Amino acid sequence: MRRFVVRRILQAIPTFLGITLLAFLLMRLAPGDPLTMMVAGATDLSAEDVDALRRAHGLDRPYVEQYVTWLGRAATGDFGQSLLYNRPVGQMIGAALPNTLQLSACAMLVALLVGVPLGAAAARWRDTPIDHLVRVISVAGHAVPPFWLGLLFILTMAVQARLFPVGGMLSIGKAEWDVGDRLLHLIGPVLALSLGGVANYSRYVRAELLEVLGQDLIRTARAKGLRERAVIWRHAARNALLPMITALGGLLAYLVSGAVVVEQVFAWPGMGRLTYEAARSKDYPIVMGVVVVSSLLLLTSYLLRDVAYAAADPRVRHG
Amino acid sequence: MPRLPRSRAAGVAGSFLALLVLAAACAPAATGPTAPPAAIAPQAARGGRAVVGAFSDARVLNPVLSSDASSAEVWGRVYEGLIAVDRNSAQPQPRLAERFDVSEDYKTLTFALRPGLVWSDGTPFSGEDVAFTAEAVMRSKKTVRKNIFQNVVGAKAFGEGTAPTIDGISVDGDVVTFRLDKPNCPALTDIGLFGIIPKSVFGKYHSAEDASKNIDDAPENVAPPLSTGPFVFQEWRPNDRIVLARNDRYAFGPALLDEWVYKVHPDATALAAALKTGEIDVARVDARDLEDLQRQDHLAFYPYLAPGYTYIGWNQLRGGKEFLQSTAVRQALAYGLDVDQVIGTVLSGQGKRMLAHTPPTSWAYDPEGLNDYAYDPARARALIEGDGWMMGADGVYEKNGERLEFSMLTNSGNKIRETLLQVAVEQYRQIGVSVTPRTESFEALTDRLNKSRDGTYGDAGGRDFDAVILGWNMGPDADAYGTWHSSQIKTGQNQIGYSDAQVDAAIESGRTVCGMPERKDAYRAFNKRLNEEQPYNFGFAVNTLLFANKRISGIEPGPFPNLQNSYLWNVERWSVAQPVAK
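Residue numbers (the working numbering), protein chains in the order written: chain A, 135 to 453; chain B, -12 to 569.
Watch out, some of these pointers could steer you wrong.
[As the list claims (entries may be wrong)] Pulled from the structure, derived: some chain B residues nowhere near chain A, Cβ distances all over 10 Å: (1) D168; (2) K186; (3) D203; (4) Y237; (5) H252; (6) P253; (7) P290; (8) E309; (9) D327; (10) R416; (11) A431; (12) S496.
[Claimed, not checked] Partner residues aside, some chain B positions facing chain A, computed with beta carbon under 7 Å: (13) R46; (14) V47; (15) G160; (16) V162; (17) N208; (18) N226; (19) D227; (20) A261; (21) K263; (22) T264; (23) E266; (24) T433; (25) D434; (26) T478.
Just so you know, the hints here were simulated from the structure itself, not pulled from any lab data.
This one's a predicted model, so the numbers in the text were calculated from it and none came from an experiment.
Note that CB positions come from ideal geometry on N, CA and C, so glycine has one too.
With the hints as extra help, turn the sequences into a complete structure.
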């Protein structure tokens, strides 16, 4: 098992480097450059002034050198100084990451707590109105983009009904850990972010359960005279667990990427807002820092998934 | 003078180019402050909080490093300048300096500080802080504001580390003097409006031995500990809010509000929603939300004309489109476009036709003798035909096998510019001019605009477009050197490659002969020539659509950026009538 984990970690390293290289190149090759944004408010700057600024930020160096320099610093945990915000990238990510994790964790929890029972119900009462209802919910959940749901929520629940704030994560004047206030701010974005997960999970659980339910061991369990509830949760769910671990890794990726849009809609001061603003203004150090942190998160979640998979099924780790 | 076009709404900070130096030249001793604490109405409530909404976060709270309007909105409440400008006329007024003076050769600026000025912690504010601010700019590697001080004698030498101080700045008790290496009329407002930072805080980042040491990465840049403004920095949650609290030692009397909050929402629509729900008190919004917000009983509407305009620029250095060099054709393109229709439809009437470069509210603007080019398609066609063009079979003019046809570019996502583009294509078609509309991302457009890549005129500075729809935001001074002087074609902001001896002469005069009547004459000639020549279709100026909750009183916006922002200039006199309804 240890060898398996070590092997997976070693395999993750080139993937990680590849991601950073690709992100670096994409940022550099896209039109526009950060200097344009930096001097946008200033005039009378001569070409020499702009060149001096370029040098001060090291943007005059060849791409290879810039990337290697960045990589060397990043290896020591130094992601540099934001070009536009005049503060360390690490500090900015440090402020934004907990907010995003808070949002993503809540959304994932909701996706699981709602999605799994829905899927199980659909499998248990297959081809009944319950199954059809779950299908409608999940098709809608796939079809409705989170930002649209978010905007709809803001329009109806915040602007018209005045039940929720239009955005942010903390009302002005409230204490940092006012739980009621935080929940009010969380409900909209969590709803928008978790709907896709609910849809995904309910379909997945239904399909897996139905497959397992058709197997011999279930017939045996039923033949023993077990109640249906015990058959589903004790025998079927356990066997359906394995493929669901795979789906969990995918869900995390969905939540991390979906958060960019949802955070933007709900003015949630997390990684998504940070990324969006940084990408708009070509703030390379922030974008690279965000790429590192989110790809580490993602790779870690895949690693955990694989390890869990291996733990659950010995065939995997010897494969 | 204008700055780079931005895809987002107009900001204000801009370049603080001087104006009305006459005020100083002819009346050497300007009189006392115009905003005495006594102006506060006795019944105005004290206490409470005002929340100002914006759709982009500040970047840095230090005038040395800031270049964007959002940052200036916040640091402008914390660091005041030596002078302010009148929000309506842009006339310089005393602020931290109670008197200011420009010498007869226009090369020496003198500022006499108000007596008894203190920072928010009670330590004295002195001329040393002023001199240090200039030093901080000259030593900074990341500033974009060097142009403000680099004409001060010895500033460059100090920046390069070859001089221990800036020779041209002298501090004598409460009097600070700046000597310039040549006359430069905009310098009074450039230097006078610059926010002064505390030497006691930032001085430690400089080193007498090492000129490469600077304040660029100081943590105080994002958390200013001291203030000369009405508020003191409290807290910054990135992409969420900045909280400022009242400065009880403010020189012009403590603010009525306890707290001033800068709240960030993702876009103008979100701001409008937050205004409706009462989550924010004050915000500038888009025209599309205007009607909806005007129906809200709890909101008051404060429109004001922003100094700037949206224009169509005709590239004078474009291979194959040399017909744009013809004044007759450009005048035809002015008569052939109904700008008022665009103002009526896209801006709900919240705009004003521009006839030349200088904002109509400025002291430097004189409408006398400017042609208004009222919409007249027949006249447009006559002008084109007078230039030797014949109507072709498909309704487009032709001359020597060349068609009167070009592309018009703007950045995607800007509703106002996109609509102007549509209307221009349709209306120009009616006068026999074929225009191909093109939109690009702002980044791609800026790239095309800033690089001299035209096949024929690239060496002369020809940029890669035929016609472009963009906008300028302008500061308080009338100087237009960077946009219109022919020296700015190759690398500056004269992206259309316009070169005219009369315009050059007027700009140079307006910059170096600083008497008020002389400057007025210079800009009258400048605007008249541009109006006649039509190197741009000058398009329109747009109202800033400011809404505020009626519980806030004391808001008095004006067009010119006073204290870094045109509606926050008197924030210390804002008051809250009743508690937040929530």
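So, going through the hints one by one against the coordinates:
1. D168: Since the minimum Cβ distance to chain A is about 15 Å, D168 of chain B lies beyond 10 Å and the statement holds.
2. K186: holds (19 Å)
3. D203: The claim is violated: D203 of chain B sits with its nearest Cβ about 7 Å from chain A, within 10 Å.
4. Y237: holds (22 Å)
5. H252: violated (5 Å)
6. P253: It is violated; P253 of chain B is separated from chain A by about 5 Å at its closest Cβ, not greater than 10 Å.
7. P290: The assertion about P290 of chain B holds, with a minimum of 23 Å to chain A.
8. E309: The claim holds: E309 of chain B sits with its nearest Cβ about 27 Å from chain A, beyond 10 Å.
9. D327: holds (30 Å)
10. R416: Holds, because the least Cβ-Cβ distance between R416 of chain B and chain A comes to about 30 Å, which exceeds 10 Å.
11. A431: Label violated. Min Cβ-Cβ 4 Å, cutoff 10 Å.
12. S496: holds (18 Å)
13. R46: Holds: closest Cβ of chain A sits about 5 Å from R46 of chain B, inside 7 Å.
14. V47: holds (4 Å)
15. G160: This interface hint is violated because 32 Å lies over the 7 Å limit.
16. V162: violated (28 Å)
17. N208: holds (5 Å)
18. N226: holds (4 Å)
19. D227: Nearest chain A Cβ about 4 Å off; hint holds.
20. A261: Hint holds; A261 of chain B Cβ to chain A Cβ min 5 Å, cut 7 Å.
21. K263: It holds, given that the least Cβ distance between K263 of chain B and chain A is near 6 Å, below 7 Å.
22. T264: holds (6 Å)
23. E266: It holds, given that the least Cβ distance between E266 of chain B and chain A is near 6 Å, below 7 Å.
24. T433: Hint on T433 of chain B: holds, closest Cβ of chain A at ~5 Å, below 7 Å.
25. D434: At about 5 Å, which falls below the 7 Å cut-off, the nearest Cβ of chain A leaves the hint on D434 of chain B intact, so it holds.
26. T478: holds (4 Å)
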